[in-house]
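Taken in order, these protein sequences are the chains called A and B.
Heads up: the first sequence begins at 1 in this note's numbering, then just goes up one per residue.
Heads up: the second sequence begins at 1 in this note's numbering, then just goes up one per residue.
Possibly wrong hints are sitting among the right ones.
Quick look at which bits of chain B chain A covers, simulated, 3 or more residues with Cβ under 8 Å [what the hints assert, rightly or not]:
hint, segment
1, 102-113
2, 232-242
3, 275-286
One side only, chain B facing chain A, incomplete, derived with CB under 10 Å [as the list claims (entries may be wrong)]:
hint, residue
4, Gly-69
5, Phe-89
6, Glu-181
To be clear, the hints were calculated from the coordinates, so they are not data collected in a lab.
Glycine included, every Cβ here is placed at the ideal spot set by N, Cα and C.
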Amino acid sequence: MSGDESTVRSRWLRGAHRTLTGLHPALESLLAAVVGLLVGAILMYLYGFDPWKAYAGLIKGAFGGSYEIASSLARATPLILTALTFSICLRSGMFNIGAEGQMYIGGIASVLVAYFILPTGLHQIAGLIFAAFAGAVWSLVPAFLKLTRGVHEVISTIMFNWIARWLALYLAIFVVVDPLRPEKTLSIPMTARFPVLVRGTDLSYAIFVSIAFALVVYFLLWHTAIGYEVRAAGLNPTAARYGGIRNKRTMFLSFVLGGIAAGLAGATIVMGLPPTYAIYGGGGLPQLMNLGFDGMAVAMVGRNHPIGILVAALFFGGLNAGGRVMQFYGSNPVPLEMVRVVMGAIVLVMSIPELIRLFPMIKKRGEELIEPLKRWTRRSEKRESA
Amino acid sequence: MDATFGEEGIRMSFNDILSLLRISLHAMVPLALTAAGEIVGETAGLFNIGLEGILLLSAFGGALAAEFGGPGVGLLVGMGIGGTVSLVFAVINTYWRGTQMVTGIGINLFAVGFVAFGLIQLGAPGFHDVPKAVELAKLRTPMGLMSPMILLALIAPVVIHWFLQRTRAGLMLKAAGETPEAADVAGININRIRLLAAVFGGALAGLGGAYMSVAWLGLVTKDLSAGRGFIALACVVFSGLNPLLALLGAFIFGFFQALAEWVKTLPSKPIPGEFVSMLPYIITLLVVSGAIGRVRFPKSLGVPYKRE
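Could you build all of it, start to finish, from the sequences and the hints given here?
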């Protein structure tokens, strides 16, 4: 074998090895999803439902056709953004579970565009800016409390979620209310709505806001110096400080970015989800409720990586869209809430590190597969250096 | 909306003060029990933010069990549910070295889904009444009808304080949370002691949850816990793992919840109801941000123990 050929081959092998190890987290997410769905199936069985029929309905409702896929994507739109809120802060070493409240505030702020008259394009941008600004401000207070008073961000963000919920309810019922229909806020004017992307569905151009923001976050965190600082501070704050990274700055930055994402999530619902284009006050903001918490499940399964989140959001968006079909599916109507049970189980499983290690057989098999590859790469590396 | 703090707006009679105090004590119970339990868990090194979910699950399960076998069974089943959920949490976070925050988030998500699902299966979506006949009877006292659970909530923190400060087992718990390496060398099984502490704490939280549905409010809704799990966590943070201070914190938060309820019933409506409902959460934030700085927590809180 000539030297040239072996270099090519070793490079290929190394690539394959790296891909396999890189896929390892994805496999774990997949395993967690399977376990979560299994927990849901057991629960449905115990309650006297037919889990197979229910899941068949769910899959059909999620990915059964172009209408269903569009609906899944529409459900994924806000989840991408709230998942990013959690992930950005987790990458910088903090648990920001305030996406829920920041999203409420962002949603209400975007309703304010109803008071302005602007040309299309500018109007959407105005709404997004309002929402992003409001979300960022709402998320800055817990960051500030953490920095100055040392208040744990889990407690402060949860308290802010409740305060935001009541504030948003108050604003929706008394301040930005539609004078003709007091059960909802003013509707977003035509010029500020995101046009529908696939006719007859509720998928709008708002999904591009989510995707674009995910890509921006990916670029910012993995391809800029400040992003590197954020991630370094999250991995080891002490080492980062010795390395000259100002942890306070990275903390503020991650909270602001997270708040912007959550605020935008509210805006995508208000400005981009047909048919209402308004927030209903009754029943505790039903359109917005729990999107922030669901985002945490998305973030976990997406491995807190923007690209992973895009994939995971499609999965969870599908669960939500399919769940709507599942609850009206023939003689086997399983309530939509089952979807959140499955989500919770998935997050529980995701909290187990090295999940695959718990299944010795899978691990052994996996190693059997990877071991020869490892040996080859090692051998060819040695040959190269020789 | 005219905000008049006028003559008849705020005028409290002696009876008002008494009933305010009575509601405060009732609202204190779930917070005090949950906080006391969490203090045991955190002393051993486990930070459980799934308390909110445990409260909700045990309130639901406790109510169903009470309808089946009376209030005593309801409370016991609530404890059992709390203990079981905490067992799952503890196994993941001791033997399997999981991420405690993420497990807690998972428990909370699961609970919200499960209880909403269960309530739909019971008939009315989002709402279930516990029949008066199976509610825990209230005691006649000079202050009016009081739940006997208030007594328990007042005693439990004292007992736990004594246990943590004065007994060998309490010191072992502290060692497991502070320097698990040293405790391990001294022959303490870190994972087992953390597991036991978490299960005990979860059982207390479960009792608090069952109390809400079986002995206090007499109903289950899908957001019955309303952030109480996190307010209890705030009590723990504010107290610096001292159960007696946590009890004081629980009373303060209970008082503001009662105050909020009381202001809502005023005919003159001096403050919009939404702002009144925010009050307990704002107070929690203020108290916690005022208290931090002087408290310290076990060194290994939240860190899984890995034997060298």
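A quick look at each hint next to the structure:
| no. | hint | verdict |
| --- | --- | --- |
| 1 | 102-113 | holds (count 11) |
| 2 | 232-242 | holds (count 3) |
| 3 | 275-286 | holds (count 7) |
| 4 | Gly-69 | violated, 20 Å |
| 5 | Phe-89 | holds, 9 Å |
| 6 | Glu-181 | violated, 19 Å |
In the structure shown, a violation is registered for the earlier hints numbered 4, 6, in ascending order.
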